[in-house]
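A.B. asks: Read off the chains here:
2 protein chains.
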Amino acid sequence: MNKKHIYIYSPSSAVREKPAFRRGVAWLRAQGHEVEIDEAALSAHQRFAGDDATRIAAIARAAASGADVALASRGGYGLTRILDGIPYKAVAKAIDRGTAFVGMSDFTAFQLAVLARTGAATWSGPTLCGDFGAEAGIDEITAACFDDLVEGYGEGTGWRLPARDELPSFKPIRGATLWGGNLAVLCSLLGTPYFPQVDKGVLFLEDVGEHPYRIERMLEQLRLAGVLARQKAVVLGQFTGYRAAPHDRGFKLQTVVERLRSQIKAPVLTGLPFGHVPTKVLLPVGGTVDLAVEGKEAFVVWGHDVGGSRHAAPHDHHGHAH
Amino acid sequence: MNKKHIYIYSPSSAVREKPAFRRGVAWLRAQGHEVEIDEAALSAHQRFAGDDATRIAAIARAAASGADVALASRGGYGLTRILDGIPYKAVAKAIDRGTAFVGMSDFTAFQLAVLARTGAATWSGPTLCGDFGAEAGIDEITAACFDDLVEGYGEGTGWRLPARDELPSFKPIRGATLWGGNLAVLCSLLGTPYFPQVDKGVLFLEDVGEHPYRIERMLEQLRLAGVLARQKAVVLGQFTGYRAAPHDRGFKLQTVVERLRSQIKAPVLTGLPFGHVPTKVLLPVGGTVDLAVEGKEAFVVWGHDVGGSRHAAPHDHHGHAH
Chain Y
1 MNKKHIYIYS PSSAVREKPA FRRGVAWLRA QGHEVEIDEA ALSAHQRFAG
51 DDATRIAAIA RAAASGADVA LASRGGYGLT RILDGIPYKA VAKAIDRGTA
101 FVGMSDFTAF QLAVLARTGA ATWSGPTLCG DFGAEAGIDE ITAACFDDLV
151 EGYGEGTGWR LPARDELPSF KPIRGATLWG GNLAVLCSLL GTPYFPQVDK
201 GVLFLEDVGE HPYRIERMLE QLRLAGVLAR QKAVVLGQFT GYRAAPHDRG
251 FKLQTVVERL RSQIKAPVLT GLPFGHVPTK VLLPVGGTVD LAVEGKEAFV
301 VWGHDVGGSR HAAPHDHHGH AH
Chain E
1 MNKKHIYIYS PSSAVREKPA FRRGVAWLRA QGHEVEIDEA ALSAHQRFAG
51 DDATRIAAIA RAAASGADVA LASRGGYGLT RILDGIPYKA VAKAIDRGTA
101 FVGMSDFTAF QLAVLARTGA ATWSGPTLCG DFGAEAGIDE ITAACFDDLV
151 EGYGEGTGWR LPARDELPSF KPIRGATLWG GNLAVLCSLL GTPYFPQVDK
201 GVLFLEDVGE HPYRIERMLE QLRLAGVLAR QKAVVLGQFT GYRAAPHDRG
251 FKLQTVVERL RSQIKAPVLT GLPFGHVPTK VLLPVGGTVD LAVEGKEAFV
301 VWGHDVGGSR HAAPHDHHGH AH
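Residue numbers (my numbering), protein chains in the order written: chain Y, 1 to 322; chain E, 1 to 322.
It is worth saying that the hints were derived from the structure and are not from the lab. Careful: at least some of the hints might be erroneous.
All copies of an identical chain are treated as equivalent in the list; a pair is satisfied when it fits inside any one copy or across any two copies.
[Unchecked claim] In silico BS3-like pairs for lysine-lysine, Cα to Cα no more than 30 Å straight-line:
(1) 232 x 18
(2) 296 x 18
(3) 252 x 296
(4) 296 x 3
(5) 93 x 252
(6) 18 x 171
(7) 18 x 200
(8) 296 x 232
(9) 171 x 89
(10) 232 x 252
(11) 18 x 252
(12) 3 x 200
(13) 89 x 252
(14) 265 x 232
(15) 265 x 89
Input sequences plus hints: build the corresponding full structure.
C.D. replies: Laid out in structure tokens, this is it:
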């Protein structure tokens, strides 16, 4: 494989688990990559990876690095505070030059703000500490999807729909903008200039530690704000890490999915391998995609020129996450 | 005291603690009030006090009851789902006839939607189960504030500012719209038609079970959406029931307050006795108020014709919550 330049920086919470950080760097280097570590990657200020100015400067350095991949060390919380200060033009220019910005969770705020302000695409995908540095080792599918990105082979992904959520009459969607990420972070931008106005898009969502009633409340906000009515499809990833309450009495995640389907016209696909789980595909936020269902399988396919992955050569999508 | 007609209904979560419900009803009856219980007050469907249609019908019956006070049995979650179905005109007419709608927490969704759609004022205050039916008995100040409302004596409230948050140079605010409630519920309406567009208002906020980083993220959303810049003052009530993390390293609620003050021009008052705590004052959401600081004390004063409390006679504000 080709040796790539990967720039590690910390735009959100402080890296507390240094071993995970080191494991992640070591794994990437073992793949033959040149890993450059931002000077403030291990900074800490309160719960943040440095104060606001430090993290803004780190983003600017990542954009100026000329790297093939700018990889966030971790999520957490911190990007919301600095949305007014992100050097959007520099980020868009870096993406145009071929830098793929990759991350998830709190990183959703960065991704949506970049899309809203510049139209440029970034990648929802693994983080250094949470994935490459995972104690159990990085998930094979996640690693393969990341390889696809850096090798330029990735042109899409596929997954098996849960049996009860199969959509036999799904009509293929062509040329839609893919966007989304963490549901809570996405909703926290509603009403602000950093919420992208995407019409006829494909919206994907995941979250962690949110009870189904809170997931429903957020989906209701998106519906009442008119966002869902403007989408061609909603794709639900993994919603994990919440605790059911005795009070729920049959109100569960599937209840929320069924209600959503009863409330909006757009089809709702489930089972997307993305979220706070080891197995996660990479998805271009702001990329133009086709979405299709064939039998029990769903496929998202994108062009080979999205989100800093312009090195890509034509190649069948891999469908790693079947 | 005068015997009043109090209508109990359940617009949100199901009442699971029947003893609290009974204690609350008994307490109100012991005060001499006529307590009418909605036919669906103890209904249950999943985690809700009946399905959506049942709860919408309960609100309609409360509005048609002609009661002096329509008191929500409890909060929880459920109003967001039925915002499109609330009979707003009937509610506004009831308020105009003198019914005071009282509640909190999830009830904030009802209050803000009524304000956005009709301009009518409702009351942030106790719930039947959480306050009147509390196992320890109702808080004396909460009971006195409620008496003020039903007797028509209440024209304001006052509280002592925390020493570190005193605002000696605070300029009195006159004739501003008071609004707010539960921060998470309020933010969950941003971007929707149920979020009231209040200019030059006094915004009060409380929450429970939200870590300071989430409180900050929500305040940032209000700031980035331009809501805070349009307010004359922000008044913070009680933020309780969250767990600090080792990861916080000095990031705490006071950090959030200080940052808020650094980010907006409007003064930020703290210590308002309102929230998920026993001692809570009643506040008219949508009422026109004056806000003043005298020494260590803050005062909110409203007219005697707000939010169904039109029986009120001129009377000094009580300042119960000093």
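A.B. asks: Evaluate each hint against the coordinates.
C.D. replies: Hints, one by one, checked against the model:
no., hint, in the structure
1, 232 x 18, "neither (42 Å within a copy, 45 Å between copies)"
2, 296 x 18, "neither (41 Å within a copy, 47 Å between copies)"
3, 252 x 296, "within (24 Å within a copy, 48 Å between copies)"
4, 296 x 3, "neither (37 Å within a copy, 65 Å between copies)"
5, 93 x 252, "neither (44 Å within a copy, 37 Å between copies)"
6, 18 x 171, "neither (47 Å within a copy, 50 Å between copies)"
7, 18 x 200, "neither (42 Å within a copy, 48 Å between copies)"
8, 296 x 232, "within (20 Å within a copy, 56 Å between copies)"
9, 171 x 89, "neither (37 Å within a copy, 41 Å between copies)"
10, 232 x 252, "within (25 Å within a copy, 41 Å between copies)"
11, 18 x 252, "between (37 Å within a copy, 24 Å between copies)"
12, 3 x 200, "neither (38 Å within a copy, 58 Å between copies)"
13, 89 x 252, "neither (43 Å within a copy, 33 Å between copies)"
14, 265 x 232, "within (9 Å within a copy, 41 Å between copies)"
15, 265 x 89, "between (36 Å within a copy, 29 Å between copies)"
Hint compliance for this structure: hints 1, 2, 4, 5, 6, 7, 9, 12 and 13 are not met, and every other hint is.
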